[in-house]
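Q: Below, each chain spelled out in residue letters.
2 protein chains.
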Amino acid sequence: MRIAQISPLWERVPPFRYGGTELIVKLVTDELVRRGHEVSLFASGDSITTAKLRSVHPQALRLDPKIKEPSIYEQMMLAEVYQQAHHFDIIHSHVGYNCLSYCSFVKTPTVHTMHGIFTPDNEKIFRKFAWQPFISISEAQREPRLGLNYIHTVYNGIDTAVYPFYPEPTQPAYLAFVGRISPEKGPVQAIKIARAVGLPLKMAGKIDVVDKEFYTEQVEPLIDGEQIQYLGEISHEDKVKLLGGASITLFPINWREPFGLVMIESMATGTPVIGMGLGSVSEVIAHGKTGFVCHCLEKMIEVLPDAMKIDRQTCREYVVSRFSVESMTDEYEKAYAMVL
Amino acid sequence: MRIAQISPLWERVPPFRYGGTELIVKLVTDELVRRGHEVSLFASGDSITTAKLRSVHPQALRLDPKIKEPSIYEQMMLAEVYQQAHHFDIIHSHVGYNCLSYCSFVKTPTVHTMHGIFTPDNEKIFRKFAWQPFISISEAQREPRLGLNYIHTVYNGIDTAVYPFYPEPTQPAYLAFVGRISPEKGPVQAIKIARAVGLPLKMAGKIDVVDKEFYTEQVEPLIDGEQIQYLGEISHEDKVKLLGGASITLFPINWREPFGLVMIESMATGTPVIGMGLGSVSEVIAHGKTGFVCHCLEKMIEVLPDAMKIDRQTCREYVVSRFSVESMTDEYEKAYAMVL
Numbered sequence: 001m002r003i004a005q006i007s008p009l010w011e012r013v014p015p016f017r018y019g020g021t022e023l024i025v026k027l028v029t030d031e032l033v034r035r036g037h038e039v040s041l042f043a044s045g046d047s048i049t050t051a052k053l054r055s056v057h058p059q060a061l062r063l064d065p066k067i068k069e070p071s072i073y074e075q076m077m078l079a080e081v082y083q084q085a086h087h088f089d090i091i092h093s094h095v096g097y098n099c100l101s102y103c104s105f106v107k108t109p110t111v112h113t114m115h116g117i118f119t120p121d122n123e124k125i126f127r128k129f130a131w132q133p134f135i136s137i138s139e140a141q142r143e144p145r146l147g148l149n150y151i152h153t154v155y156n157g158i159d160t161a162v163y164p165f166y167p168e169p170t171q172p173a174y175l176a177f178v179g180r181i182s183p184e185k186g187p188v189q190a191i192k193i194a195r196a197v198g199l200p201l202k203m204a205g206k207i208d209v210v211d212k213e214f215y216t217e218q219v220e221p222l223i224d225g226e227q228i229q230y231l232g233e234i235s236h237e238d239k240v241k242l243l244g245g246a247s248i249t250l251f252p253i254n255w256r257e258p259f260g261l262v263m264i265e266s267m268a269t270g271t272p273v274i275g276m277g278l279g280s281v282s283e284v285i286a287h288g289k290t291g292f293v294c295h296c297l298e299k300m301i302e303v304l305p306d307a308m309k310i311d312r313q314t315c316r317e318y319v320v321s322r323f324s325v326e327s328m329t330d331e332y333e334k335a336y337a338m339v340l
Numbered sequence: 001m002r003i004a005q006i007s008p009l010w011e012r013v014p015p016f017r018y019g020g021t022e023l024i025v026k027l028v029t030d031e032l033v034r035r036g037h038e039v040s041l042f043a044s045g046d047s048i049t050t051a052k053l054r055s056v057h058p059q060a061l062r063l064d065p066k067i068k069e070p071s072i073y074e075q076m077m078l079a080e081v082y083q084q085a086h087h088f089d090i091i092h093s094h095v096g097y098n099c100l101s102y103c104s105f106v107k108t109p110t111v112h113t114m115h116g117i118f119t120p121d122n123e124k125i126f127r128k129f130a131w132q133p134f135i136s137i138s139e140a141q142r143e144p145r146l147g148l149n150y151i152h153t154v155y156n157g158i159d160t161a162v163y164p165f166y167p168e169p170t171q172p173a174y175l176a177f178v179g180r181i182s183p184e185k186g187p188v189q190a191i192k193i194a195r196a197v198g199l200p201l202k203m204a205g206k207i208d209v210v211d212k213e214f215y216t217e218q219v220e221p222l223i224d225g226e227q228i229q230y231l232g233e234i235s236h237e238d239k240v241k242l243l244g245g246a247s248i249t250l251f252p253i254n255w256r257e258p259f260g261l262v263m264i265e266s267m268a269t270g271t272p273v274i275g276m277g278l279g280s281v282s283e284v285i286a287h288g289k290t291g292f293v294c295h296c297l298e299k300m301i302e303v304l305p306d307a308m309k310i311d312r313q314t315c316r317e318y319v320v321s322r323f324s325v326e327s328m329t330d331e332y333e334k335a336y337a338m339v340l
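So the protein sequences, as listed, match chains A and B.
Each residue of the first sequence is one higher than the one before, counting from 1 in the working numbering.
Each residue of the second sequence is one higher than the one before, counting from 1 in the working numbering.
Extracted from the complex, chain A is given alone in its bound form (with noise of 0.2 Å):
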């Protein structure tokens, strides 16, 4: 099949520390050209991949500094995605709303990935196009009252070969905690489930601007370096070894998380995740079998011991079988068999 994977510029495929959506579409697009699909992948220039790679500028934008107008770009690309669209089979969007005003243009059919939020603004144009076919990366995700042509939910998949298994938690036992240090991610929930139980903490994640005065005030008062440490950024490597060696993950949201690929990631390690039931959580934690979907703190503390005893090649093989990137692949072929 001829495919056009559509990336955001912003980041490079694959992204260089953080960027969920480009690391999904690396994921995506090398494994669809190890099947034999004719791939096309427009992103930026400095993109890795075994796709043909289309760019318009030879750097993710994030990181041009002379770059002052990022939506300029967005348009070339996608202005030429569709010109060219009688090339291709189908068009796979992962830049949200952007390529919604060119699809209807062109015979050859786009399927969308969901991988943002939905916002004041922008659900006026997915209402508008609200026909066209998009995937949910969680059933979670989606808005009933929106009422968009929802055609199938595809889960996030990981490369599993790149997170070891752990089969057992490092000694002395500790919690870990990976994502932004923002309210959403519930880093002051980790903090009091590890205090009640007395157990070390220790954290990473990277701080946006934003969320600077949050972590000030909130977060970095409970940091004493001993109980509770908070590592900064950190790589993939330290990152697999944070979640492979902890006992239990912390997943505390405070908002409806659309995906949570730390979740997987920890899982894939062999580390159990207690998390809390917003959002995404309920479909991808196996509640008992590979962590425990909660509603409330006390819960979150209640169930601790019991996580600790879940098995770790349980949690392993669930992603395995559920969250890699070979699974992720056969629902998007089964996708774009479902819009041709």
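Worth flagging that the hints you see were computed from the coordinates, not collected in a lab.
Certain hints may be false.
Since the list can't tell identical chains apart, any single copy or any two copies may satisfy a pair.
[To be verified] Each computed DSBU-like pair below joins lysine-lysine, with the alpha-carbon atoms no more than 35 Å apart:
(1) Lys128 - Lys309
(2) Lys107 - Lys128
(3) Lys52 - Lys124
(4) Lys299 - Lys309
(5) Lys107 - Lys52
All values reported here derive from a predicted model rather than from experimental measurement.
Given the coordinates of chain A, work out where chain B should sit on it, guided by the hints.
A: Frame of chain A, contents of chain B only:
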């Protein structure tokens, strides 16, 4: 002829106070309707026009505090215009590069009036669509190195009826400066000229946030409220009175002005203009007849006594014959005929 006019959505058509592009859109649109064309105006929902108004939002985006992502509304508008392109004989865009990525999907031609300036980012998309039919608002605005397919120059026009003629300047004599208080517009140079010739200077114009520091540091200390007066932002009526009552309007710019509406506003009231010969200035002022085009500050000072002797009726007639709504619309009709 069935014509679609596309306006920016940020400001209403016509603009509440400032907004050169939206004012031109208003004048051309209504004049085309008066001439019997079937015109659809794509603009904010609070626009006032005799054409058929088509909107994706009830208000100018600038005035709606709930709007965080204005570009989404422009995407919705452009999708609507181009999906219905077959209902129009011609599409006339005033939104710069934003519609370039759409126009090649339809058979109806688009003509693009270039109201804005070129930037390192937008130059790239203009080059990509260089074959599209462009209209410059002055010869000087063109950038030959970009190789754009300019089909015509159409000077901006004004509704001369709302600029009454002042046969004599007010006594005691004064100089006028109307424009943004920004380095490009040369308010400091205007003050230097006024001081050199010993005439009062009345200045009016808005101060943008980015120019606040420039104003406080370089302009404000020179304003004494007597010889040098700053009147702030003023209404259309006050602007006409200020320009019409002046002996001379100064236009001592420091940048390549693409058109410079205030020059024709001043001449319409009968007041000659002394301008710095950058950008469009030598095309808009009839040197020696309706003002003077100079190349340094000293020359602007030197020609002032001669400029005060210029016949004010000639200034008025010059604008009526070359820079009226009617002459502008004549030229746009010629441009439409060229692409059809």
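Q: Does each hint fit the structure? Answer for all of them.
A: Going through the hints against the structure:
With identical chains, the CA atoms of lysine 128 and lysine 309 are never at most 35 Å apart, being 49 Å at best within one copy and 61 Å at best between copies. Taking CA atoms no more than 35 Å apart as the test, lysine 107 paired with lysine 128 passes in both settings, with 19 Å inside one copy and 23 Å between copies. Both within a single protomer and between protomers do lysine 52 and lysine 124 lie at most 35 Å apart by alpha-carbon distance, with minima of 34 Å and 23 Å respectively. For a Cα distance limit of 35 Å, the shortest separation of lysine 299 from lysine 309 inside one copy, 16 Å, qualifies, whereas the shortest one across copies, 89 Å, does not.
For a Cα distance limit of 35 Å, the shortest separation of lysine 107 from lysine 52 qualifies both inside one copy, at 22 Å, and across copies, at 31 Å.
Hint compliance for this structure: hint 1 is the single one not met.
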